[in-house]
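Modelling step: build the complete structure from the supplied sequences, incorporating the hints.
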Amino acid sequence: MYRFYVLVLIVISIFMFACEKDEVDQNISDKIQIDSLTATFYTVKAWDSTLISCYARGESLIYSWEADHGNFNGSGTQIKYAAGECCVGLNTITCTISNETGQTSKDIQIEVTSYYGGGK
26 MYRFYVLVLI VISIFMFACE KDEVDQNISD KIQIDSLTAT FYTVKAWDST LISCYARGES
86 LIYSWEADHG NFNGSGTQIK YAAGECCVGL NTITCTISNE TGQTSKDIQI EVTSYYGGGK
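Be aware that the sequence shown starts at 26, since it is given in our numbering, and climbs by one per residue.
Hints may be right or wrong, so weigh each one.
[Said to hold, decoys possible] With a straight-line cut-off of 30 Å between C-alpha atoms, the simulated BS3-like cross-links for lysine-lysine are:
1) K70 with K105
2) K70 with K131
3) K105 with K131
[Stated by the list, open to error] Pair by pair, the computed Cβ-Cβ distance ranges are:
4) R28 with N124: 17 to 27 Å
5) G142 with G101: 34 to 44 Å
6) I87 with G142: 35 to 45 Å
7) S139 with L86: 16 to 26 Å
8) E84 with C111: 31 to 41 Å
9) T63 with I87: 13 to 23 Å
10) Q134 with G101: 30 to 40 Å
Treat the hints as calculated values from the structure; they're not laboratory data. The structure displayed is predicted, hence computed values, not measured ones. Ideal placement from N, C-alpha and C gives every residue a C-beta, glycine not left out.
Next up, the structure:
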């Protein structure tokens, strides 16, 4: 009878460990991708603007934009970026895309030169 219980215990143990599922990472971002982030002009004078477009792959994408200096109008795949005289220099604009699988970001740099000339 003892052998029977040991055998049953071994069989139950095998089934318990054989049915264990692998853990799945809930923040997989390889299902979404930014292919490119482009601008109509990479150098603009203060108060002029450039159109920035994000080309991305993925389902149900949500776009968010951020600029370290200057302002932008628009949303989604395209924004219009402009900066004043106070923002002369190299400015970084970041596009982040996200969905239920995760998120990814890409930066683009726009050089803003003085409207009055004379460089930076």
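Hint check, failures only: 4, 7 and 10
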